[in-house]
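There are 4 protein chains.
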Amino acid sequence: MERKILLTDTADEPGLIYKITEVCFLHGLNIIKNQEYVATDERRFFMRTYLEGDFNDRFLPEVRRKLGKEADVRLVNEGRKHLVVLVTKEAHCLGDLLMKHYSGTLNATIDAVIGNYDVLRDLVERFDVPFELVSHEGLSREEHCHKVLEAVQKYSPDYVVLAKYMRIITPEFLQAFRNRVINIHHSFLPAFIGAKPYQQAFDRGVKIIGATAHFVTEELDNGPIIEQDVIKVDHNFSADMMARSGRDVERLVLDRALTDVLEDRVFVHGNKTVVFK
Amino acid sequence: MERKILLTDTADEPGLIYKITEVCFLHGLNIIKNQEYVATDERRFFMRTYLEGDFNDRFLPEVRRKLGKEADVRLVNEGRKHLVVLVTKEAHCLGDLLMKHYSGTLNATIDAVIGNYDVLRDLVERFDVPFELVSHEGLSREEHCHKVLEAVQKYSPDYVVLAKYMRIITPEFLQAFRNRVINIHHSFLPAFIGAKPYQQAFDRGVKIIGATAHFVTEELDNGPIIEQDVIKVDHNFSADMMARSGRDVERLVLDRALTDVLEDRVFVHGNKTVVFK
Amino acid sequence: MERKILLTDTADEPGLIYKITEVCFLHGLNIIKNQEYVATDERRFFMRTYLEGDFNDRFLPEVRRKLGKEADVRLVNEGRKHLVVLVTKEAHCLGDLLMKHYSGTLNATIDAVIGNYDVLRDLVERFDVPFELVSHEGLSREEHCHKVLEAVQKYSPDYVVLAKYMRIITPEFLQAFRNRVINIHHSFLPAFIGAKPYQQAFDRGVKIIGATAHFVTEELDNGPIIEQDVIKVDHNFSADMMARSGRDVERLVLDRALTDVLEDRVFVHGNKTVVFK
Amino acid sequence: MERKILLTDTADEPGLIYKITEVCFLHGLNIIKNQEYVATDERRFFMRTYLEGDFNDRFLPEVRRKLGKEADVRLVNEGRKHLVVLVTKEAHCLGDLLMKHYSGTLNATIDAVIGNYDVLRDLVERFDVPFELVSHEGLSREEHCHKVLEAVQKYSPDYVVLAKYMRIITPEFLQAFRNRVINIHHSFLPAFIGAKPYQQAFDRGVKIIGATAHFVTEELDNGPIIEQDVIKVDHNFSADMMARSGRDVERLVLDRALTDVLEDRVFVHGNKTVVFK
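Residue numbers (our numbering), protein chains in the order written: chain X, -12 to 264; chain Z, -12 to 264; chain F, -12 to 264; chain S, -12 to 264.
FYI, nobody ran anything at the bench for these hints, they're computed from the structure. Each hint should be verified, as a subset may be incorrect.
Just so you know, same-sequence chains aren't split out, so a pair can sit in one copy or run between any two.
To be verified - Straight line, CA to CA, 20 Å or less: simulated SDA-like cross-link-like pairs of lysine to any residue:
| hint | residue 1 | residue 2 |
| --- | --- | --- |
| 1 | Lys6 | Asp44 |
| 2 | Lys134 | Glu65 |
| 3 | Lys68 | Lys141 |
| 4 | Lys6 | Glu49 |
| 5 | Lys76 | Phe114 |
| 6 | Lys264 | Ser232 |
| 7 | Lys6 | Tyr37 |
| 8 | Lys20 | His222 |
On a predicted model such as this, the values are computed, not experimentally measured, just so you know.
Construct the entire structure; sequences and hints are all you get.
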């Protein structure tokens, strides 16, 4: 008996749940958990069906035939995905990922870490994970990002994680990894877009700070949000103390977003996400 | 076109979603939202199916025939339920309910408020809601609760809400309103069962306090939990300050629990609840 | 024995706590709680000293003499402040205030409610609080706000609370009530400034929504923030559902901000606040 | 110029702040931050005074002379403390500590990790921290804990951290490290004292789970609480999923508690703590 996840993303119409679950039933597949959502305005239907049983090659084609050509239907295996992590100098998000990779609690393997500085090499290599330096020095943004893309593509990862990678990703890179680049931004977007959000938060005198994990798109800090969380601060917090406290939110938010993505719980829907918890 | 909610609670077996949604489809009913859960250990299946369409009298019997005699299947109308609220002296939870009743945001009408003291009569009557005093003086617990039950039953409410009602409910009452009596307890159960939970919390030196909304059962403070929440406190909080801050958690937790119950999102399952958010 | 609060706001220099507490000690005043904060960048010192004892007329002048002319030192009585509340059509924040006014848990009296529509008159009058309609119809913003100001000034309130008052306040009004007009904005500022923040939040696909209580200044939605809080949402939330859930955050945030202001815990410091919890 | 922290714990009486800050002022010491609390019922005064200046040997004796013999007054240096960490098999809390140790963000050094199993040796040694195995096999609780104590004492740590150490600490050990042994318990105490709290939480059907960091005393799970936090769960969570989600709360709560302890922000006061944030 295997376990697989059937992912359906299609135009809404009556009877979709019935049609899909009928095929499952006729194939003797047991539904462990079924989650669906209809985006009413756009009349779009999303469903995540967690299945158990003996799968044969006719199952997926039959679901597709039931739903028609327009439907985007996928059947994915449960199990570890492959990641490449991009970093700059900050260790906290990367450290969390490496620790979970080491403990086997990440539901993915980190195949490589690529940095535009060398400062995190030592940490990465302590965990027997390859580290590659792709320095940006003397290169245009496009040239550098192209070299990073080449380095990433050697590993054919399922997802690319920006763990406090402080460089802008070019359209070329994003086209190669559409909806597969995940960033952690150190503010509760859309507040404090751009550089130095903790300094901005301090200057504005806010009483909460936060972090946002999102898919990266061509528009800076404006991609589909996967997960957000906040913590309370007060007048005693300097910008540095906000940054320090914020790190814990950043790594937790990135971790939760990744967990959802790696378990195939996240659909991208225009500039939003549907996350089946 | 009407909207109704189909509630299924039955032994788990393969094909349940398919069987139920097939009947919906054949009756031309559109599923706006479908939520299901399987309690694996007990092999119990719960589903809430929010439907739109023209319902005829054969629909529910057909679902029942598909699922067999053991299944507990109900079809409920969307729309306002009827409540009776029991109170003692504290106004904050009651006040919230009255305000939402007044604003029409409660999804229920408060048909009466019954108190064992008269102190809240003035507040209740300002909202044109009947208030009845059923004093406990000179009565045994059983005698008093019996009189309260008689007063409640005149209104045939769907649910009885204990809005800081500081008396124990007798088995006679609970048998008349099985899984229909909702209490707000001023601690995050199972911590601080019994009297004066804020004093207990102060004495123990906790850093969080909370509130719990639950269905009332014969076992004190031990019924199925519907909703809980907490707030942070610190050494500056006296027991009185904890009680004051706790009131906001109490009324919010009761409000959220009631919202879920009134929208038929809550199944009772042994001593637990399944809450389809 | 009386209780009073000494509030100090002055340029930072060594020995301030010593100088102030020495005067307290020599006057036989006991310090129940002392809280201080230095804004390092601006070298500004804030202190809230909660005192108990027999106060005589020489106490405050002596503190002032110790600190010099530049210091802003005030001695305020514990006790109820006076409020005027401005509203438009939404009942939830106003309802919370009225209920606490009624229960005596607000630490203030609501002397009047002024609305630019008449819809909330019935609710207000149920609590025996005067309601005044100052319609904006046919008036320019300046003319209308001037009439509102005249209506407010009849009551000489300590603070003016905008409980979902959906009109912009003019500089004339703000000059009359500098740092004494408190607004509740239905987003976690600085995200979603301006109109329809829940629609903006829905369109952006955020996973948290929030509310912000702040002092009103000439710059829209940009005054000193007193309190903020958030709740989690997900893809199931329409803009309307966000608004509905957001109401609970709005009223709680406004309530907490008011509590702090009414207990003289809030200093305004440039465009920020110092809040001694 | 140095920075030190003056910690005062004494019977409450009028003028304490004045007396202490006078000595500071006369010694030319600048108060960066002063925090005080009076436990009213016990008439006990606590103050944390963060000082900057040139300290000489007469300063502390003068403060002591002012306050009398009964007062417990200490002057501590800012700066890294020394820790020994006890572990069993779970990596997540230890991993967090090692990562912060490595990054230099812990405000302490981990001088050794001692385990009653060998499973975490590999992780610890990757960070160049000594790991010692003190197996409990074949030993009574007292014998084993005595051997652990001997191993710990070689390092003369300031604090001993139980990072998911699943053994009971004996009175002998606690006498050697009174109020210096910090444990992370995987429930929001006092709920779910004892073994398998996540299974208990699952069985009870709670909607929140949490973690508690506390000083260890002779009474199991009943020592002074330093920090607590919770996360929401629902019916979808198995006991295992609660444990998995709970790990993030555990490591955050332990981290926050340690941060406060290491910055000398925590006073123990009977069975409670005063934590100056």
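For each hint, the structure was consulted:
1. For a Cα distance limit of 20 Å, the shortest separation of Lys6 from Asp44 inside one copy, 18 Å, qualifies, whereas the shortest one across copies, 24 Å, does not.
2. Taking the closest pair of Cα atoms, Lys134 and Glu65 never come within 20 Å of each other, the shortest separation being 32 Å inside a single copy and 45 Å across copies.
3. Proximity of Lys68 to Lys141 under the C-alpha cut-off of 20 Å is restricted to the intra-copy arrangement: shortest distance 16 Å within a copy versus 45 Å between copies.
4. Taking the shortest alpha-carbon separations for Lys6 and Glu49, both the intra-copy value of 10 Å and the inter-copy value of 19 Å come in at or below 20 Å.
5. Proximity of Lys76 to Phe114 under the C-alpha cut-off of 20 Å is found in both arrangements, the shortest distances being 17 Å within a copy and 19 Å between copies.
6. In this assembly of identical chains, Lys264 and Ser232 lie within 20 Å of each other by CA distance solely across copies; the values are 13 Å between and 26 Å within a copy.
7. In this assembly of identical chains, the alpha carbons of Lys6 and Tyr37 lie at most 20 Å apart whether taken from the same copy (16 Å) or from different copies (18 Å).
8. In this homomeric assembly, Lys20 and His222 come within 20 Å of each other (Cα to Cα) only across copies, at 13 Å, whereas the closest approach inside a single copy is 46 Å.
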